[in-house]
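Q: Here are the chains, one letter per residue:
There are 2 protein chains.
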Amino acid sequence: VKGKRKSFESDPCPVARALDAIGDWWSLLIIRDALAGNRRFGEFQKSLGLAKNILTARLRKLAAHGIMKAVPASDGSAYHDYILTDKGKRLHLVITAIWQWSETSLFAPGEMQRVLCDRLNGEPLARIEVRASDGRVLQARDMLLKRDVPSP
Amino acid sequence: VKGKRKSFESDPCPVARALDAIGDWWSLLIIRDALAGNRRFGEFQKSLGLAKNILTARLRKLAAHGIMKAVPASDGSAYHDYILTDKGKRLHLVITAIWQWSETSLFAPGEMQRVLCDRLNGEPLARIEVRASDGRVLQARDMLLKRDVPSP
Numbered sequence: 001v002k003g004k005r006k007s008f009e010s011d012p013c014p015v016a017r018a019l020d021a022i023g024d025w026w027s028l029l030i031i032r033d034a035l036a037g038n039r040r041f042g043e044f045q046k047s048l049g050l051a052k053n054i055l056t057a058r059l060r061k062l063a064a065h066g067i068m069k070a071v072p073a074s075d076g077s078a079y080h081d082y083i084l085t086d087k088g089k090r091l092h093l094v095i096t097a098i099w100q101w102s103e104t105s106l107f108a109p110g111e112m113q114r115v116l117c118d119r120l121n122g123e124p125l126a127r128i129e130v131r132a133s134d135g136r137v138l139q140a141r142d143m144l145l146k147r148d149v150p151s152p
Numbered sequence: 001v002k003g004k005r006k007s008f009e010s011d012p013c014p015v016a017r018a019l020d021a022i023g024d025w026w027s028l029l030i031i032r033d034a035l036a037g038n039r040r041f042g043e044f045q046k047s048l049g050l051a052k053n054i055l056t057a058r059l060r061k062l063a064a065h066g067i068m069k070a071v072p073a074s075d076g077s078a079y080h081d082y083i084l085t086d087k088g089k090r091l092h093l094v095i096t097a098i099w100q101w102s103e104t105s106l107f108a109p110g111e112m113q114r115v116l117c118d119r120l121n122g123e124p125l126a127r128i129e130v131r132a133s134d135g136r137v138l139q140a141r142d143m144l145l146k147r148d149v150p151s152p
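Protein chains in written order, with our numbering: chain D, 1 to 152; chain S, 1 to 152.
Hints are computed from structural coordinates only; laboratory data are not their basis. Every clue listed holds true.
The list treats identical chains as interchangeable, and a pair is accepted whether it falls inside one copy or across any two copies.
When the alpha-carbon atoms are kept at most 25 Å apart in a straight line, the in silico DSS-like pairs for lysine-lysine are as follows: (1) LYS146 - LYS46; (2) LYS89 - LYS146; (3) LYS69 - LYS52; (4) LYS61 - LYS87; (5) LYS89 - LYS61.
This one's a predicted model, so the numbers in the text were calculated from it and none came from an experiment.
Let the sequences and hints guide you as you build the complete structure.
A: This is how it looks when you write it as structure tokens:
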């Protein structure tokens, strides 16, 4: 995206507001790597093929939004580990939703892909579904937008 | 993001590949608006406050990825409607996941927000959950990444 972007920090739409925190190109991939167990600056850099200054800026931005934090390295060295906060860990929902949409929509049969599995038994995850409060599975056409509702 | 971006079109990671299609700043908001019922160029423009040339480029990109398509206007005029394809409609999962994470993580109690509801009864949706194939609810720490798995 070229030019200065509008900030959605105070937008009443949750999707717009989320884009301020996680909507840039690299942030979701850093979060994906953190969910997969990466902790070290060098691990993120190797996985993403990203320039140091850009990775530093992205990690700082994620920290400013309370999604990741720097902690002393677990090996006792002078380095830092970069880990997800609880708010960041809850993004596993978003990562999984994108993952499943992409698997269904952007991969041809037989193409090699990465698969998200259940750590307990190595099985693929169940399909995520959007459901009504009474459990009915909802499609796009079944959803309605309400404006100006106070947040609980 | 400044400069030329790497393409993830053939990336084995579904999240990276999805970013090629929906990872820019405006695409998810266009998809949100289309899910909320917007169809006309002017409706998207008014909702997003976006320059015509940028909106045109984003709609073309979404069409190139098979997520939206231009169809003759439903009122029989010379205009087009811009509607989601089936592939695009399935993004309701992604939009809802981002929505729910954002509601929980980025809004203070009492702040005015937009709420996604069940069209049938106007009730808020159930919380989306990541589940194992046997139905257990999974958290971030319960997930495992497998590489080089052929797509079904």
